[in-house]
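Engineer: Chain A is fixed; fit chain B with the ligands onto it per the hints.
Number of protein chains: 2
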Amino acid sequence: MLDTLMLGAIEAGGTKFIAAVSDQDLNLIDKISVPTTDPNQTLGKIADFFSPYSIASMGVGCFGPIDLNLSSSTYGYIESTPKLAWKDFNILGALQAQYRIPIALNTDVNVAALGELKRGAAAGEQSCIYITVGTGIGGGVVVDRQIFNGYHHPELGHIAVKRFPSDTFTGICPYHTDCLEGLASGPALAERAHQAPNKIAKDDPLWKVEAYYLAQAIVTYSLILSPAKIILGGGVMQQEHVLAMVKASVNQQLNHYIKIPEIDNYIIRPQLKNEAAIIGGFILAKDALRLE
Amino acid sequence: MLDTLMLGAIEAGGTKFIAAVSDQDLNLIDKISVPTTDPNQTLGKIADFFSPYSIASMGVGCFGPIDLNLSSSTYGYIESTPKLAWKDFNILGALQAQYRIPIALNTDVNVAALGELKRGAAAGEQSCIYITVGTGIGGGVVVDRQIFNGYHHPELGHIAVKRFPSDTFTGICPYHTDCLEGLASGPALAERAHQAPNKIAKDDPLWKVEAYYLAQAIVTYSLILSPAKIILGGGVMQQEHVLAMVKASVNQQLNHYIKIPEIDNYIIRPQLKNEAAIIGGFILAKDALRLE
Ligand SMILES: Nc1ncnc2c1ncn2[C@@H]1O[C@H](COP(=O)(O)OP(=O)(O)O)[C@@H](O)[C@H]1O
Ligand SMILES: Nc1ncnc2c1ncn2[C@@H]1O[C@H](COP(=O)(O)OP(=O)(O)O)[C@@H](O)[C@H]1O
Ligand SMILES: [Zn+2]
Ligand SMILES: [Zn+2]
Numbered sequence: 001m002l003d004t005l006m007l008g009a010i011e012a013g014g015t016k017f018i019a020a021v022s023d024q025d026l027n028l029i030d031k032i033s034v035p036t037t038d039p040n041q042t043l044g045k046i047a048d049f050f051s052p053y054s055i056a057s058m059g060v061g062c063f064g065p066i067d068l069n070l071s072s073s074t075y076g077y078i079e080s081t082p083k084l085a086w087k088d089f090n091i092l093g094a095l096q097a098q099y100r101i102p103i104a105l106n107t108d109v110n111v112a113a114l115g116e117l118k119r120g121a122a123a124g125e126q127s128c129i130y131i132t133v134g135t136g137i138g139g140g141v142v143v144d145r146q147i148f149n150g151y152h153h154p155e156l157g158h159i160a161v162k163r164f165p166s167d168t169f170t171g172i173c174p175y176h177t178d179c180l181e182g183l184a185s186g187p188a189l190a191e192r193a194h195q196a197p198n199k200i201a202k203d204d205p206l207w208k209v210e211a212y213y214l215a216q217a218i219v220t221y222s223l224i225l226s227p228a229k230i231i232l233g234g235g236v237m238q239q240e241h242v243l244a245m246v247k248a249s250v251n252q253q254l255n256h257y258i259k260i261p262e263i264d265n266y267i268i269r270p271q272l273k274n275e276a277a278i279i280g281g282f283i284l285a286k287d288a289l290r291l292e
Numbered sequence: 001m002l003d004t005l006m007l008g009a010i011e012a013g014g015t016k017f018i019a020a021v022s023d024q025d026l027n028l029i030d031k032i033s034v035p036t037t038d039p040n041q042t043l044g045k046i047a048d049f050f051s052p053y054s055i056a057s058m059g060v061g062c063f064g065p066i067d068l069n070l071s072s073s074t075y076g077y078i079e080s081t082p083k084l085a086w087k088d089f090n091i092l093g094a095l096q097a098q099y100r101i102p103i104a105l106n107t108d109v110n111v112a113a114l115g116e117l118k119r120g121a122a123a124g125e126q127s128c129i130y131i132t133v134g135t136g137i138g139g140g141v142v143v144d145r146q147i148f149n150g151y152h153h154p155e156l157g158h159i160a161v162k163r164f165p166s167d168t169f170t171g172i173c174p175y176h177t178d179c180l181e182g183l184a185s186g187p188a189l190a191e192r193a194h195q196a197p198n199k200i201a202k203d204d205p206l207w208k209v210e211a212y213y214l215a216q217a218i219v220t221y222s223l224i225l226s227p228a229k230i231i232l233g234g235g236v237m238q239q240e241h242v243l244a245m246v247k248a249s250v251n252q253q254l255n256h257y258i259k260i261p262e263i264d265n266y267i268i269r270p271q272l273k274n275e276a277a278i279i280g281g282f283i284l285a286k287d288a289l290r291l292e
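Chains as they are written, first to last, in full-length UniProt numbering: chain A, 1 to 292; chain B, 1 to 292.
In case anyone wonders, no lab produced these hints; they're calculated from the structure.
One should not assume that every hint holds.
Copies of the same chain are indistinguishable here, so a pair counts whether it falls within one copy or spans any two.
Restricting the straight-line Cα-Cα distance to at most 25 Å, the calculated cross-link-like pairs of lysine-lysine (DSS-like) are [as the list claims (entries may be wrong)]:
(1) Lys83 to Lys259
(2) Lys199 to Lys87
(3) Lys87 to Lys259
(4) Lys199 to Lys247
(5) Lys87 to Lys16
(6) Lys31 to Lys16
In isolation and in its complexed conformation, chain A is listed as follows (with noise of 0.2 Å):
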């Protein structure tokens, strides 16, 4: 029965894993989280969860980097994460083998950032970048109103970035010390402040270098990308006092080099919160059976 066809979608967080079951119009019908464990014990439960329901076709957002590349060995398998269990494990095949629908994946990002475009703080528009300042720094991309891929997908967290003036903290990236997530993290202000950054005082000098460097980032992405617009979400941005820090920050960097919209309605909040990744998946797999 067509008016009966059920979507499903997968948030595959460092975690937890969100999963989710829609209508086709993109209704949620029933939800669940469980906590990212092992490979096995994960998608076991996972797999408990979709089993009442026959879904067509299933959307999957998840932690990276992994790997997009079609003509790659390792297509669909998850990269160089630090959570051992998953280091090159091929999530997309584990999927596939346990339910043969069509399977689309990306990273939690990319998914998030067609969710915002299509039903979210970007919707009417062409192009966006979703921005998650929380235990990492991850970014999504949509051009075209697609998810943005290349060789390999985005990872915008990981740029090298000039210092602010006198700021001499390290960084810690176990890859690159002092990339953007290495010195802008929440875990990275976390050290630098010796405390949890939610208990950061509003005034503390600390929250105009975690607005310098977010604000380099958008530049610089505002530079190579020129989306139209840019979402700032995840558990730092929760201080609602950093963006306007971060857009004067933006005005002051990019010196009227080049336009960008206005800034108000371009470094903006995320309307979906924690549910962006989740229609994003929907999204998806709602493409992937058009593909079909």
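Structural biologist: This is chain B with the ligands only, laid out in the frame that chain A set:
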């Protein structure tokens, strides 16, 4: 007569304008180079060159930044150039008033990137970046075999960069002081070395600094755009030994975080040399006809 259909191309550079005519198969028929003085004089000479030919359409690669946002009131204008006679000049409007044929305008480097992808070093690929390291540092981007334009076209040369350890050179970009172009363009090298870049000894430690910054930019572009090929051209890259240093530094800075194509097939020299923008211009002209 369809078999005599002719295409026009202009490469509008800060030092000289090149104009050329080809047949519909992009075979060169005629070509001229005129110095860049003021708009009236330069475009007048270009008009004299084109007048014997009845060209059907034109593709223009122009120095920039230029406003390519169709919904902008200054669409087709040159923006923040230090060449004051051309700043805020409506080059597309001036050409359209002169020729009354379909005219496609884009940046010089975007058009060159298109030429290299369709007929040069990146032939057969879906995407490439074309970087020129000369008087300035510019970059063009082709994705899905088409020029990549966002809200504003890419301006790859002006990204902020992490300092090479011990590098204290101030930088010379009038907009950002020590952006990539400010630290690593030909004139920046000249000021660092107190001599013309082509006179700097091959074993001078400056080349290591230069290679570091170019490699850092390539890593950033790889993390954000992830193209199939990166083409490295411009006057400074005539220093043949620098390419290998850039490749080594890319591998070191990327630190295997993401997969890139095999490095010797990834970071490559241009094939079309000085012809890339003109060939790209003919391709744009031909595309503009098809879109009519
Ligand atoms: N209100 C807050 N203010 C500042 N930092 C916060 C806040 N809430 C969470 N964080 C930080 O954000 C990080 C968690 O990010 P989050 O986006 O919630 O999850 P994850 O990135 O793990 O998916 C932690 O480093 C945490 O300290
Ligand atoms: N053989 C060379 N070795 C090093 N630098 C060079 C060489 N030839 C030109 N340059 C430098 O490149 C810059 C000119 O770049 P070029 O790409 O030729 O032109 P433009 O960028 O003006 O279009 C100048 O700064 C010049 O010093
Ligand atoms: Zn990193
Ligand atoms: Zn600059």
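Engineer: Now look at each hint and say whether the structure bears it out.
Structural biologist: Tested hints:
1. Proximity of Lys83 to Lys259 under the C-alpha cut-off of 25 Å is restricted to the inter-copy arrangement: shortest distance 18 Å between copies versus 41 Å within a copy.
2. Proximity of Lys199 and Lys87 under a CA criterion of 25 Å is satisfied in neither setting, with 33 Å inside one chain copy and 49 Å between copies.
3. In the homo-oligomer, the alpha carbons of Lys87 and Lys259 lie at most 25 Å apart only across protomers (14 Å), although the nearest pairing inside one protomer, at 41 Å, exceeds that limit.
4. In the homo-oligomer, the alpha carbons of Lys199 and Lys247 lie at most 25 Å apart inside one protomer (23 Å), although the nearest pairing across protomers, at 44 Å, exceeds that limit.
5. Within a single copy, Lys87 and Lys16 get their C-alpha atoms as close as 16 Å, which meets the 25 Å cut-off; across copies the closest is 53 Å, which misses it.
6. In this homomeric assembly, Lys31 and Lys16 come within 25 Å of each other (Cα to Cα) only inside a single copy, at 13 Å, whereas the closest approach across copies is 63 Å.
Checked against the numbered hints listed earlier, the structure breaks hint 2 alone; every other hint is satisfied.
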